[in-house]
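Undergrad: Using the hints, put the two standalone chains together into the complex.
From first to last, the protein sequence lines are chains A and B.
Each residue of the first sequence is one higher than the one before, starting from 1 at the first, in our numbering.
Each residue of the second sequence is one higher than the one before, starting from 1 at the first, in our numbering.
Derived from the structure by calculation, the hints contain no laboratory data.
Be aware that one or more of the hints could be misleading.
What the hints assert, rightly or not - Below, in silico cross-link-like pairs of lysine-lysine (BS3-like), each with a Cα-Cα straight-line distance of 27 Å or less:
no. : chain 1 : residue 1 : chain 2 : residue 2
1   : B       : Lys37     : B       : Lys68
2   : A       : Lys14     : B       : Lys42
3   : A       : Lys9      : B       : Lys112
4   : B       : Lys42     : A       : Lys57
5   : A       : Lys71     : B       : Lys42
What the hints assert, rightly or not - One-sided and incomplete, this derived list gives chain B residues near chain A with beta-carbon spacing under 7 Å:
no. : residue
6   : Gly43
7   : Pro44
8   : Phe46
9   : Phe89
10  : Leu101
11  : Phe103
12  : Gly104
13  : Ala105
14  : Gly106
Said to hold, decoys possible - Here are a few chain A residues that sit away from chain B, every Cβ distance over 10 Å (derived from the structure):
no. : residue
15  : Leu13
16  : Thr15
17  : Ala24
18  : Asp62
19  : Tyr64
20  : Asn65
21  : Lys71
22  : Pro83
23  : Gln108
Each residue gets a CB set at the ideal place from its N, CA and C atoms; glycine is no exception.
So the chains spell out like this:
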Amino acid sequence: NAGVTQTPKFRVLKTGQSMTLLCAQDMNHEYMYWYRQDPGMGLRLIHYSVGEGTTAKGEVPDGYNVSRLKKQNFLLGLESAAPSQTSVYFCASSYNRGPGNTEAFFGQGTRLTVV
Amino acid sequence: GESVGLHLPTLSVQEGDNSIINCAYSNSASDYFIWYKQESGKGPQFIIDIRSNMDKRQGQRVTVLLNKTVKHLSLQIAATQPGDSAVYFCAENAKEYGNKLVFGAGTILRVKS
Chain A
1 NAGVTQTPKF RVLKTGQSMT LLCAQDMNHE YMYWYRQDPG MGLRLIHYSV
51 GEGTTAKGEV PDGYNVSRLK KQNFLLGLES AAPSQTSVYF CASSYNRGPG
101 NTEAFFGQGT RLTVV
Chain B
1 GESVGLHLPT LSVQEGDNSI INCAYSNSAS DYFIWYKQES GKGPQFIIDI
51 RSNMDKRQGQ RVTVLLNKTV KHLSLQIAAT QPGDSAVYFC AENAKEYGNK
101 LVFGAGTILR VKS
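Just chain B, same shape as in the assembly (with noise of 0.2 Å):
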């Protein structure tokens, strides 16, 4: 079915540190995820985005690792700041269900300075 779910609702780390969120999807038929990121009161924003014919992508500070034998997501944030503080989703896309993309529960991430 199409169902994305996140191991771990909440994830503090310390400034400076990095940070893995991770995801976990269940469509085997899926070939494109994004990450969204939102801040308190705000809608999601894109932050980063993978096609299933890639394993790994690099952004600005943030890194997106696809293992589609175990149907897993991660985002990787390097050298969190206070300002990553937020809710983050990732979400799957699948051209069967018309290229319609599906949430998962979100990951909270909490920065302490």
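Bound-form chain A, shown alone (with noise of 0.2 Å):
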């Protein structure tokens, strides 16, 4: 039972470079989200999904895109990286269990720098 797995978990990109993160998780989750960690400050939700084939954008959603083509897997795509995203980068997942609990589930994080 792996939960959620995040690859790679280290990363160092030069500014312009393009690169996918990948989250996939094994609990047949519905909602899945990236986040990012940056020092002194909580996880800020980039994107998120509620389901197959659904992406919304969360509070800091500029300058990444995602796509949730299969329920497990949840891709989180820099097209032009900027040094503004270096960060520790978190996939969650949870299941949908209706009102007020969204409990949910990370994995270890990917550390990207971009310099």
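TA: Next comes the structure, spelled out in structure tokens:
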């Protein structure tokens, strides 16, 4: 039972390069999320998905794109990386159990550095 | 708006003492709250949750208190252990915002042996 798995765990990019972060969950969760975590700040929601084929913007969506082609996978793309996107990225997933019940399970994080 | 903040960025306690971590939230429509623990180099882990129709919930060594009147949430850890050292986040969830979790900035808990 792997839970939520993120790949890669670490990556260094040059400004302007593109990359895709992969998140996979094996819990049959409907909801999936991408957060970024910066020093001294909480987790900020980038994009999220409420089901296969759907995506929506979170608090800080600019510079990122996402896709949810399969229920178990949620991809986060950076088309043209910028130093401001240096951060630790966390993927999470949750059931949609009904009103106000959305405990989320997190992956181990991806540390991205843009130079 | 959707904002959650914490009163204390760092809390140092002696091993064996009780810890209290506080959190203020601003969205009166939030109906579900969660505390997460994040150890160094790891993703956040669920500790305990509470719905807005409750004011107290207890787990193993942890208690969450919710005061909706002043929009305040606290996490109490009994007999704090070195393994409790971590960053603790409160998060709020509101149906009107699509059941998204909004996180606070976090509190560092340091346990002194």
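Undergrad: Would you mind marking each hint as holding or not holding in the structure?
TA: Okay, the hints, checked on the actual structure:
Note on Lys37 of chain B and Lys68 of chain B: the hinted pairing holds, with a Cα-Cα distance of about 23 Å set against a maximum of 27 Å. Taking the CA atoms of Lys14 of chain A and Lys42 of chain B, the gap is about 25 Å. The hint holds against a cut of 27 Å. Between the alpha carbons of Lys9 of chain A and Lys112 of chain B the distance comes to roughly 31 Å, so the proposed pair goes past 27 Å and is violated. Of the supplied pair hints, the one linking Lys42 of chain B and Lys57 of chain A holds, its CA atoms being roughly 25 Å apart against a limit of 27 Å.
The suggested pairing of Lys71 of chain A with Lys42 of chain B holds, with an alpha-carbon distance near 24 Å, which does not exceed 27 Å. Because the smallest distance between the Cβ of Gly43 of chain B and any Cβ of chain A comes to about 3 Å, under 7 Å, the interface hint for this residue holds. For Pro44 of chain B, the interface hint holds, since its Cβ comes within 7 Å of a Cβ in chain A; the closest pair sits about 5 Å apart. This hint holds: Phe46 of chain B has a C-beta 5 Å from the nearest C-beta of chain A, less than the 7 Å allowed.
Because the smallest distance between the Cβ of Phe89 of chain B and any Cβ of chain A comes to about 6 Å, under 7 Å, the interface hint for this residue holds. For Leu101 of chain B, the interface hint holds, the least distance from its beta-carbon to any beta-carbon of chain A being 6 Å, beneath 7 Å. Interface restraint check for Phe103 of chain B: the shortest CB-CB distance to chain A comes to about 4 Å, inside 7 Å, so the restraint holds. Among the interface hints, the one on Gly104 of chain B holds; its C-beta lies about 5 Å from the nearest C-beta in chain A, closer than the 7 Å criterion.
Hint on Ala105 of chain B holds. Least Cβ distance to chain A is approximately 5 Å, under the 7 Å limit. Taking 7 Å as the C-beta contact cut-off toward chain A, the hint placing Gly106 of chain B at the interface holds, the least distance being around 6 Å. Distance to chain B confirms Leu13 of chain A as a non-interface residue, since its nearest Cβ pair spans about 21 Å, more than 10 Å. For Thr15 of chain A, the shortest C-beta to C-beta distance to chain B comes to about 26 Å, beyond the 10 Å cut-off, and the non-interface label holds.
Against chain B, the non-interface label of Ala24 of chain A holds: every CB pair exceeds 10 Å, the least being about 14 Å. A cut-off of 10 Å between C-beta atoms confirms that Asp62 of chain A is not in contact with chain B; the least separation is 17 Å. Against the 10 Å criterion, Tyr64 of chain A stays outside the reach of chain B, whose nearest CB is about 16 Å from its own CB. With a minimum CB-CB distance of about 18 Å to chain B, Asn65 of chain A clears the 10 Å threshold, and the non-interface call stands.
Listed as a non-interface residue, Lys71 of chain A keeps its Cβ farther than 10 Å from every Cβ of chain B; the least gap is roughly 17 Å. The beta carbon of Pro83 of chain A sits about 22 Å from the closest Cβ of chain B, which is more than 10 Å, so the claim that it is off the interface holds. Non-interface status of Gln108 of chain A relative to chain B is broken: a Cβ of that chain comes within 10 Å, the nearest being about 5 Å off.
The earlier numbered hints that this structure contradicts are 3 and 23.
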